[in-house]
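**Q** Kindly produce the complete structure, drawing on both the sequences and the hints.
Protein chains in written order, with our numbering: chain A, 1 to 493; chain B, 1 to 379; chain C, 1 to 379; chain D, 1 to 307.
The hints are simulated quantities; they were obtained by calculation from the structure and are not laboratory data.
Ideal Cβ placement from N, Cα and C applies to all residues, glycine included.
Treat the hints loosely; a few may be bogus.
Stretch by stretch, here's where chain C covers chain D in the computed footprint (C-beta under 8 Å, at least three residues) [as the list claims (entries may be wrong)]:
1) 184-190
2) 194-207
3) 295-307
Under 7 Å between C-beta atoms, here's a sample of chain C residues computed to sit facing chain D [claimed, not checked]:
4) Gln42
5) Asn43
6) Asn46
7) Leu88
8) Gln91
9) Ser146
10) Asn254
11) Thr287
12) Asn329
13) Asn335
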Amino acid sequence: MVTLSLEGIAKTFPNGTVALRGVDLVLAPGRVHGLLGANGAGKSTLIKILAGALAPTAGTIRRDDQVVRWSTPRGAKAAGVATIYQHIPLVPTLSALENILLDDGGWRRRRADARARIASLVASLGTPFPLDTPVGELPIGARQMVAITQALASGAEVVVMDEPTASLAGHERERVYATIRRLAAEGKAVLFVSHFIDEIMALTDEVTVLRDGRTVLHAETAGLEPQAIAAAIAGRSVTALERPAVARTPGAPVLELRDVASPGKLAPTSLTLRAGEILGLAGTLGSGRSELLHAIFGADPAATGAVLLDGAPVGRWPDEAVAAGIALVPEDRASQGYVPLLTLAENIALPHATGLLFDVEADRVAAEAAIERLAIKTPGADALPGELSGGNAQKVVIAKWLAPTTRVLLLDEPTAGIDIGARTDILRLVRTLADDGLPVILVSSEFEELLAICDRLLVLRDGAVIGEADPATSTESDLILMTGGGAPLGAAA
Amino acid sequence: MTDWRRIFSLREAGVYYALLLLLGVLAALAAARGLPPYLSGQNLGNIAYQASLVGIMGVAMTVMLITGAFDLSVASVAALAAAVLVGLAGQIGFVPAAFAALAVAATIGLINGAIVQFVGINAFIVTLGTLTAVRGLVLILTDGRSLMVEQPEVLAQMLAFESTRVPLFWPLLALGAALVVLGLVKRRPFVAVGGAVLGALALVAGAGFNVAAPVVYLAGFTALLWFVLGFTVIGRRLYAVGGNPEAARLSGINVHAYRLGAFVLSSVAAGFAGVLFGCRLGAINPTALQGTELTVIAAAILGGTSLFGGAGSVVKTVVGALLLFTLTNGFNILNLGANYQGLIEGVVVVAAAAIYTLGAERRRARPTTPEVTPAEVAA
Amino acid sequence: MTDWRRIFSLREAGVYYALLLLLGVLAALAAARGLPPYLSGQNLGNIAYQASLVGIMGVAMTVMLITGAFDLSVASVAALAAAVLVGLAGQIGFVPAAFAALAVAATIGLINGAIVQFVGINAFIVTLGTLTAVRGLVLILTDGRSLMVEQPEVLAQMLAFESTRVPLFWPLLALGAALVVLGLVKRRPFVAVGGAVLGALALVAGAGFNVAAPVVYLAGFTALLWFVLGFTVIGRRLYAVGGNPEAARLSGINVHAYRLGAFVLSSVAAGFAGVLFGCRLGAINPTALQGTELTVIAAAILGGTSLFGGAGSVVKTVVGALLLFTLTNGFNILNLGANYQGLIEGVVVVAAAAIYTLGAERRRARPTTPEVTPAEVAA
Amino acid sequence: LRHAARADAPTAAAVAGGPRYGLSTVGLSYPFAAAIAKGFSDAAVRTGATPVVLDAKGSVQKQANDIDDLVAQGVKGIAIMPLDSVVAQGWVDRIGRAGVPVAAVAALVGDPRTRAIDDVYPGLVALASQDEVAAGEAAGTLAARLLPRDRPARIAVIEGAAGFPEVEQRARGFRQGLEKAGVRYTIVASQPGNWTAQGGEAACQNILAAQPDIDLLFNEADDMVIGCARAVRAAGSHARLIGVGGSKLAVASIKAGAVDGTVCFKPEALGALAFEALHAPQAGPRFRTYPIPAVTRANVDACVGQW
Ligand SMILES: Nc1ncnc2c1ncn2[C@@H]1O[C@H](COP(=O)(O)OP(=O)(O)OP(=O)(O)O)[C@@H](O)[C@H]1O
Ligand SMILES: Nc1ncnc2c1ncn2[C@@H]1O[C@H](COP(=O)(O)OP(=O)(O)OP(=O)(O)O)[C@@H](O)[C@H]1O
Ligand SMILES: [Mg+2]
Ligand SMILES: [Mg+2]
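**A** The following block contains the structure:
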């Protein structure tokens with residue numbers, strides 16, 4: 001039973017960014033502490049300091065009544081703090097089991113008892129994944145579960161979780177919640193970061209909200225209204241996105257798929273997308289939603305079938321798709337979304353090649369417009385994406401495709417890890433784009449989000465479209481039933 | 001539980017198939033030309049002996065590559081160790097000189113590792129620098145001339161260390177049987193098949209089969225590192241350090257220490273290879289082993305070790321080295337025109353690498369099957 | 001807007017400082033020994049000439065490394081191109097033979113690139129294979145002998161192509177002035193300072209300053225690629241392909257085409273270097289340029305190019321090459337003993353790399369709090 | 001030994017039948033070695049024997065392996081062109097224990113600092129070689145004719161790559177030749193040209209920049225003298241140029257007046273001598289050699305470039 005308290009933690013990065021300006025936080029045994037804040041508010045930075053991955057510029061950490069100082073993860077571990085980081089740092093070439101056991105002691109690598117222990121832990125989490133598959137081959141959701149299991153397996157007294165549920169679907173989240181509740185019941189202290197206010201309300205005992213590196217709200221969850229939290233996060237009042245009162249009427253067909261398939265991953269799929277239509281894809285982890293988007297975009301070399309834009313076939317490579325005006329915002333922003341060594345302006349300009357020479361000034365102007373439009377929190381257009389907070393990096397990836405040349409927009413989990421204020425902004429933006437006639441396909445594990453803005457919903461399961469739902473009449477629980485939660489992560493069949 | 005198809009796939013076992021294929025082709029060609037049997041114990045022993053130095057350095061290089069680093073200086077370090085050995089053995093005796101040589105090698109590994117880890121310079125350029133600098137040291141030590149050991153008794157000791165022939169028929173047979181049993185019990189098909197192959201090899205080679213000592217040293221060193229990598233936590237951590245240093249650091253692994261250790265291991269192995277080299281010739285010339293570093297790295301990469309860290313197998317590296325030396329041995333046996341050797345060697349290297357890469361390609365298309373299903377756990 | 005401090009930091013400009021430092025030290029040593037002025041036009045021209053072949057290959061290698069690939073076969077390809085040139089020039093004339101040589105080189109680049117991209121084998125092992133195979137081709141072509149061009153008129157053409165001396169005083173002065181103006185107008189301080197240095201160089205070297213043709217070819221090639229990388233969409237995409245291939249692919253960049261293009265460029269540049277080499281003597285021997293690939297890669301990495309793709313500058317690569325050749329030039333000028341050259345060269349290479357790495361280090365985060373020990377925590 | 005130039009089909013196809021004789025060369029991509037191999041193979045084929053020529057590719061370790069392979073194949077005799085004279089002693093002893101006759105070609109076996117060239121290593125049936133010190137001396141004698149007598153001559157030596165015994169042997173012989181001729185001289189620079197033409201060119205360029213008034217450049221191999229000649233011409237120097245080896249290119253350059261002289265080696269003859277020593281050990285002395293005249297433009301026709 002340990003109480004960990006942070007006092008006056010401040011952090012200034014070497015490039016001058018002030019991420020934290022003196023934050024206090026207490027993690028008490030048996031309690032779940034929710035940490036919220038807009039993208040770039042400083043949550044991950046605080047957590048890295050807690051975990052010993054970053055050194056604070058000022059402030060102290062107390063473990064019970066002792067002042068402790070650590071500047072390495074090893075020190076934090078030894079003090080009983082286990083951390084799940086936002087950008088899941090796993091070893092891609094090692095199996096899931098070995099990643100979970102990464103810092104295990106002893107000298108033997110293959111211990112049957114350790115394996116049994118982890119297998120039962122995984123089973124108790126209820127979202128099984130293959131233990132012996134290299135993590136690099138697992139989809140992002142399963143990797144998230146590996147990271148969660150890794151933190152839980154260490155038996156730490158203090159468990160710190162930075163957006164552990166960002167890549168999980170609703171019912172999979174439920175299982176994580178159950179685990180967290182069990183941990184709290186065992187007397188552990190939990191710090192839980194999330195952008196989902198509903199899960200904060202349901203799960204936590206107390207809440208801290210950060211804004212611009214300062215605590216703007218700290219209170220018992222029980223006495224709080226969700227709107228108050230949202231307002232504290234955004235610094236203004238936030239209204240949830242409502243379904244449009246009148247059904248929107250899509251225009252002429254724009255995109256047509258004829259028997260688009262990928263062996264082993266996606267059954268033949270045909271559909272038509274109309275101008276201004278927002279088509280939602282619902283499904284569980286590994287149901288093939290990303291695969292469908294990749295197949296449309298030509299990013300899967302094994303995919304077969306025809307994609308037609310305005311009746312003309314589109315080439316089956318991403319460069320041809322981009323040339324035709326199809327845009328894809330991929331789900332894994334760090335590995336698929338941006339080039340870390342190029343600046344924001346260069347990243348945003350990357351898909352748009354006109355002519356031989358690039359125009360630094362024009363790129364900067366475009367980037368600054370996108371920064372403005374998406375409210376990206378950055379020191380400037382020539383910052384590197386790696387220096388941004390997770391949610392802001394995601395916005396950069398969306399910004400790449402906001403040019404007028406985009407004819408079809410494919411969005412794969414565009415709001416994963418995005419704060420509540422920005423989330424509604426992005427969804428509004430999607431709707432505005434659609435209102436201007438842009439057809440959109442939206443993949444989201446947030447069924448609420450799908451129901452709110454989609455005109456039509458397709459449900460995928462095991463790599464096949466198994467049905468269609470009407471967003472006007474369906475509810476979240478309908479979708480959960482249809483998607484059939486419970487299939488193992490990473491399983492195709 | 002064990003996925004046999006996967007374990008015997010081209011991707012996993014490609015380099016073994018490549019070696020067997022090459023041996024088969026060479027044996028057939030030799031038979032067709034009426035030469036003595038190619039797969040004789042003596043010839044196989046020769047190949048293993050010829051590959052032993054590169055094998056020893058390659059095995060350590062594999063560990064190095066697994067941790068995500070790189071060492072171009074091994075050949076120079078080996079030459080330096082040989083020079084130290086040959087230079088000192090006459091005065092202080094063989095064993096102290098050999099330890100001095102290993103200590104010098106370890107020091108250079110420590111310097112390499114410290115510069116890479118603590119100054120933060122790229123390992124490629126650091127070890128390229130030490131490649132040059134250490135070769136310079138060899139020149140200075142030898143004054144640009146060949147050194148030799150003059151004392152016959154020391155020379156005899158050195159020869160004994162290097163050239164003793166070790167009878168291998170019974171040990172090999174026993175080891176093969178043990179591995180087969182172990183593999184079957186522990187359900188590790190590769191171990192079992194490896195054991196069977198070893199046993200078969202012993203039978204093919206005949207009861208009089210013996211090999212030179214360096215082959216035994218190579219086998220021992222490989223077995224040790226195979227065990228460490230595959231069965232100890234140190235091994236797992238080495239893979240983690242190379243696969244994702246940040247993840248390793250965040251899990252509390254001392255990345256610096258493991259990388260530094262890999263540098264020292266690589267240099268010590270190179271030093272040991274240098275000691276064997278010095279013993280073999282009882283002499284050292286200043287240009288000895290020049291250029292061997294590329295062969296060493298080629299053996300590791302042919303064995304499927306990734307240049308980007310996090311993956312690799314020491315046994316396959318040895319097989320990669322055997323592949324390279326089987327090729328030159330085959331050229332010699334078949335008396336192939338020198339002009340064509342380079343072309344054929346290059347093509348065979350690329351083809352061997354293609355075998356497992358293509359195997360991997362085909363696998364990637366297949367979705368992975370889950371290991372733990374709810375049903376299984378519930379059961 | 002422009003961060004001058006950053007641009008002139010050790011990290012960004014380290015290799016320039018290293019070269020200037022080395023030149024300064026050598027000039028001082030030469031003066032102390034009473035030798036003719038070290039920084040004379042003739043000597044600087046010599047250094048540039050000696051570095052030109054490695055520079056040309058290094059500049060293309062930089063593009064290669066930027067895209068995240070790797071080419072060990074350049075030296076062999078250059079030798080092959082030289083062999084083709086020398087072998088054919090007598091029969092079909094210099095210009096057609098030179099084009100044939102470049103075409104052969106381009107073909108090998110295409111083969112390298114196709115194997116790496118479409119079979120998916122690691123570039124290191126593929127180009128190690130072609131290094132061997134292409135050297136084998138050279139042996140086959142030359143049949144192990146030195147080839148030479150016998151026709152005096154063809155020989156004269158070749159010599160003219162390679163050995164013409166180009167007066168550089170006025171062009172250099174003009175270029176320097178232009179760059180200063182451009183740099184000031186476009187607010188690119190490096191360009192302005194580069195222009196000033198060029199102008200100063202011209203003044204130091206004197207009005208009679210001239211250099212051999214390869215230096216001009218190197219300068220032209222570098223300027224071209226500097227422009228392409230820094231100012232065109234192609235350049236930006238090359239960086240993107242190396243920085244994150246998957247993100248580049250999903251941004252609609254044809255990663256295959258860019259990588260393949262880099263392989264072809266690297267081979268064609270090597271072929272051009274080979275043509276220059278062949279023209280020097282009108283002859284070629286089978287071991288020509290052996291081992292040069294490591295020097296080429298060293299030049300690129302000394303210039304700060306990343307082995308992992310996504311970063312690099314062709315101008316700095318040329319400076320890296322100049323650094324390496326300045327060193328040997330200095331050894332010759334100071335008449336340093338051959339045995340000591342290796343040691344010094346290695347140390348200088350590491351030290352030069354340290355200059356900019358340390359600069360980068362200082363910019364990075366430093367832990368401000370001391371490490372905690374479990375004991376402290378428990379206490 | 002690793003200098004450049006030529007040889008025809010160094011490995012004559014293995015004619016089935018006939019006794020097999022092995023030659024372990026330093027590397028067949030070195031034209032000098034390739035020419036020795038050609039001489040060896042031609043001589044073998046003339047007597048109906050089968051030559052087995054192995055290519056050590058410049059690696060001592062590979063040469064050791066090659067020799068093991070030759071012994072394993074049961075050849076009737078082995079000629080070694082050793083990459084390293086000191087190291088080769090072990091090989092000769094090892095082959096001797098296997099009962100196979102062994103000869104050395106092109107370089108002696110034993111420590112070249114202490115063993116005279118004609119003091120043939122005990123385990124060898126014969127040594128076929130030119131005398132490197134004598135070659136240096138011939139170059140020195142030739143140089144003496146080209147140097148000014150009225151003042152101490154300023155001389156630079158372009159060495160081969162560091163670590164080869166020939167570097168020291170040829171330089172020693174060269175100084176002996178000069179001293180015997182009674183020349184007053186200083187060696188103002190002694191720098192490696194790494195046996196290659198571009199190495200020689202660079203070394204000469206750099207030395208001439210530091211020492212513009214050099215009288216003579218002694219290059220330890222012909223490839224380097226050819227590169228050096230370019231540097232001398234480009235620098236507008238009047239330095240005289242001498243090489244060692246008698247390569248085709250050097251002979252052509254002497255005819256053209258770009259190079260002043262060289263020492264004429266005949267690698268094909270050497271290869272043939274080596275084969276004869278194995279084939280008929282009793283038919284000659286244990287040290288077999290041939291004349292190595294220094295040639296200038298006046299008598300260049302005496303030297304037919306064999307590599
Ligand atoms: N390595 C870094 N270098 C410079 N600045 C950084 C670095 N990492 C984070 N920052 C900056 O620090 C601030 C806080 O970032 P942090 O990652 O803590 O935000 P967050 O609250 O976790 O946001 P998100 O919800 O998007 O994950 C941001 O302005 C970010 O740009
Ligand atoms: N890198 C990979 N290697 C092997 N199989 C993969 C890989 N990526 C995805 N799969 C498999 O392909 C199938 C479809 O995955 P896809 O990513 O399209 O699903 P999804 O519905 O988008 O889920 P997610 O939310 O995880 O993105 C799944 O069975 C998954 O296990
Ligand atoms: Mg965060
Ligand atoms: Mg997905």
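**Q** Are the hints correct? Go through all of them and say.
**A** Each hint, compared with the structure:
no.: 1; hint: 184-190; in the structure: holds (count 3)
no.: 2; hint: 194-207; in the structure: holds (count 9)
no.: 3; hint: 295-307; in the structure: violated (count 1)
no.: 4; hint: Gln42; in the structure: 6 Å, holds
no.: 5; hint: Asn43; in the structure: 4 Å, holds
no.: 6; hint: Asn46; in the structure: 5 Å, holds
no.: 7; hint: Leu88; in the structure: 18 Å, violated
no.: 8; hint: Gln91; in the structure: 19 Å, violated
no.: 9; hint: Ser146; in the structure: 5 Å, holds
no.: 10; hint: Asn254; in the structure: 39 Å, violated
no.: 11; hint: Thr287; in the structure: 5 Å, holds
no.: 12; hint: Asn329; in the structure: 5 Å, holds
no.: 13; hint: Asn335; in the structure: 5 Å, holds
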